[in-house]
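Chemist: Listed below are the residues making up each chain.
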Amino acid sequence: MSPGRVAVIGVGRSRPAFRRPESGFAELVHEAVTACLEDAGVSIAEVGNIVTCSNDFMDGRTISSMAVGDAAGAAAGEGKNISTVEGDGTLAAYYGMSRILSGGYASTLVVAHAKHSEGDYRLITNAWFDPIYERALGLDWMSAAALQARLVMDGRRLCVGDLDRVVERNRRHGAGNPEATLRAGVSPEELSGSPMMAPPLRAADISPLADGAAALLLGSEEFAGGRAKRPVWVAGAAFSADPRMTDRDLSGAPALRRAAESARRMAGLEKLPGEVDFVELDESFSYQQPLWLAELGLETLDDERINPSGGSACGRSEGVAGLDRIIAAARRLRGDAPVPLKNARLALAHGSGGPCAQSHCVWLLGN
Amino acid sequence: MAKRTAIVGVGQTEHAGNRYDVTGVELISEAVRRALADAELTREDIDGVVIGNMDHFEGINAVELWSIDGNGGIDKPTLKLTTGGTTGSTLAIAGTHLTASGLFEKLLVIGWEKNSESDTTGAITTAFDPIWDRMVFAGAVAGLAVEASAYMSRFGVTEKDAARAAVRDRRHAVDNPHAHLREAVTVEQVLRSPYISDPIKLLDMCPRTDGACAVIFANEDAAEKIAPRPAWIHAATNRHLHSYLGDLEWYPLRSLELAAQEAYRKLGVREPLKEFDLMELYTPYSFANLSWLEALGLAAPGEGARLVWDGVTDMGGKLPINPSGGVLATNPIGATGLIRAGECALQVMGRAGKRQVPGARRALSTGFGGCLWSDLLVYGNDKPG
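Quick note, the sequences are listed as chains Z and A, same order.
Counting with our numbering, you get residues 1 to 367 for the letters of the first sequence.
Counting with our numbering, you get residues 1001 to 1385 for the letters of the second sequence.
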């Protein structure tokens, strides 16, 4: 197949804020979709089909996809074909891309949302675990990651200072990004005084949960040709999943390595180092950055080329997180990012999900 | 489509009201192993896994990762899709696009539900907007009762008409070894069964079932090597026009009408009653077997019952509907739409056993779900042009 045929034509995001009490989650979706279509200069009438990204636990509703159809434009005109992925938004975007490459549609609107302020994420992610054998142990998003953090820190000989550097870098980069929710650097005092949440994870190590929605418009080469002023091309994309966290060595992330390998092959690249100019990684916790970079073989990237947007550390919304990374990468490739980066031609954007990031999706994007 | 694609293998579990002998993961594994055996493939041959159910029935978040020991997805691309009642048909549409795109050659698609572990009505009630809709529409049955009442009042259709459709599906199920309920009933028995939500009675309504279905999709690079007669996908369309029940028009089922018109337009179908050999419809209650025929263009408004009374939709009729017994016989919700796809595939492959429609060449399946979401697929034993 020829992977160069799909482009990111438009990107849009809801107004960044940790809490959006004035808007329901469908309204956040509408906000992101409106911004995305405006960015693309495309009307909803021209959109070929829609893929939404919902999670019933996050929304506290069964069939939560049903609640955002209207807001995403599913009823426009004679109605549009629509589907829903549950998981990270990068996976929804992947399915959206396949619906173009299948010849089914010329374009796909992809939108994800999360309203963390309305739920208890520890309770929501406790439901990731087996109801009989695991839930009563108190495993959740944070406590499970704490186990992995220990193994990664021991295995890779990382100390708290190494994690401090990750947090400091992400927060410094995010301070200059108007689409980041947390736009403030972090001081050494703040890091040293950060309260312990689930040892060894301190509050500062945890990407803060934010309300938000993000949308992408993907289009075929033909669709992009007539419309997109600055298309960003998908060079490769792939995803993979690991065994359950209780059944694997948590000091590595083979699913990320496999996803990156498949995306690299699709892009027709010999290797990633030297080709990838910058990365936008989805990190729920600071310890994940050195692990992700190692699995990608990109440990030697310069400081300014690792999460130049600030990454998930400056506000993370489940499902939205990976789309946010694609959006940040696309903006930079288009030259829209406020702080310029020289030679930004090929980006790696990443999404992750599940306990200790059991699932990974990698996108290679070029201008 | 970039690559033509087909269904090459189908596996179903033993469906029952309570499969207390297995966990959810084991139930999934049962369908997966049967589908792989059916296609004579192993897990290693599969390029990726797509799975779906409805989260709140089993209360498992990120089910694709929780069930990875049974779903075959370890070390592979593993994806979850969920759209409510349509989940199974949504999965079939995903199998179509993901393989037609060339991104995957052979894909394992799984729908499942272990309804015995859930409060089905309790879970479905939370589908509706907490402010505007939830106090009015509890669960799935209440909304369908409104639809049935509106249809009856508009066209003078009777409960007896609906009962005849229930008799058909329940009779067909007798010949399907996979069906959950395999007992033929009479019109009188349906009419005498207790009301659940007026005008819907117990025998008008689908059961809740524990079960899973796995279907293997392969694109044209592999399909004919795996199955001598693959079930080629000719069209996949859908509509979901409403987020609030209060916004609905209850007749016609506009989402199905538009999805069908789009598919017919693509395929040049002018007279669907003549141009299909069978249909497997996601009709969760008897009245849908009347009015939704009209949305599919099989009958004029208010005329659906006549087709059913005349035996047109019975086995042996001009257009058999639900040779498997349909949703009235078997309803593991997240699998239900995918079972329709699997049944259509078996029919056009000529492998449907006692429920085979002789000489079936072209089939249509639908999915139905939350706030009148409709999915539709068309299958043929001929490779699309």
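It is worth saying that the hints were derived from the structure and are not from the lab.
Any given hint could turn out to be false.
[As the list claims (entries may be wrong)] DSBU-like mimics (lysine-lysine), calculated; alpha carbons at most 35 Å apart, straight line: (1) 1160(A) / 1383(A); (2) 1266(A) / 1225(A); (3) 1160(A) / 1003(A); (4) 1354(A) / 1160(A); (5) 1003(A) / 271(Z); (6) 1225(A) / 1274(A); (7) 1354(A) / 1318(A); (8) 1354(A) / 1225(A); (9) 229(Z) / 1318(A); (10) 1160(A) / 271(Z); (11) 1003(A) / 229(Z).
Chemist: Now look at each hint and say whether the structure bears it out.
Modeler: These are the hints, each one checked on the structure:
1. As the CA atoms of residue 1160(A) and residue 1383(A) are separated by approximately 42 Å, the hinted pair breaks the 35 Å bound.
2. The straight-line distance between the Cα atoms of residue 1266(A) and residue 1225(A) is roughly 28 Å, inside the 35 Å bound, and the hint therefore holds.
3. Restraint check for residue 1160(A) and residue 1003(A): the C-alpha separation of about 47 Å exceeds 35 Å, so the hint is violated.
4. Taken as a hint, the residue 1354(A) and residue 1160(A) pair is honoured in the structure, with Cα atoms around 28 Å apart against an allowance of 35 Å.
5. Between residue 1003(A) and residue 271(Z), the direct Cα distance comes to roughly 29 Å. Compliance with the 35 Å bound is thereby established for this hinted pair.
6. Taken as a hint, the residue 1225(A) and residue 1274(A) pair is honoured in the structure, with Cα atoms around 32 Å apart against an allowance of 35 Å.
7. With a CA separation close to 18 Å, the supplied pair residue 1354(A) and residue 1318(A) stays within the 35 Å bound.
8. Annotation: proposed proximity of residue 1354(A) to residue 1225(A) holds, straight-line Cα distance about 26 Å (limit 35 Å).
9. Proposed proximity of residue 229(Z) and residue 1318(A) is contradicted: the alpha carbons are some 54 Å apart, above 35 Å.
10. A hinted pair counts as satisfied when its Cα atoms are at most 35 Å apart, and residue 1160(A) with residue 271(Z) does not qualify at roughly 69 Å.
11. Distance hint between residue 1003(A) and residue 229(Z) is fulfilled; the C-alpha atoms sit about 30 Å from each other, no more than 35 Å.
Checked against the numbered hints given earlier, this structure breaks hints 1, 3, 9 and 10; the rest are met.
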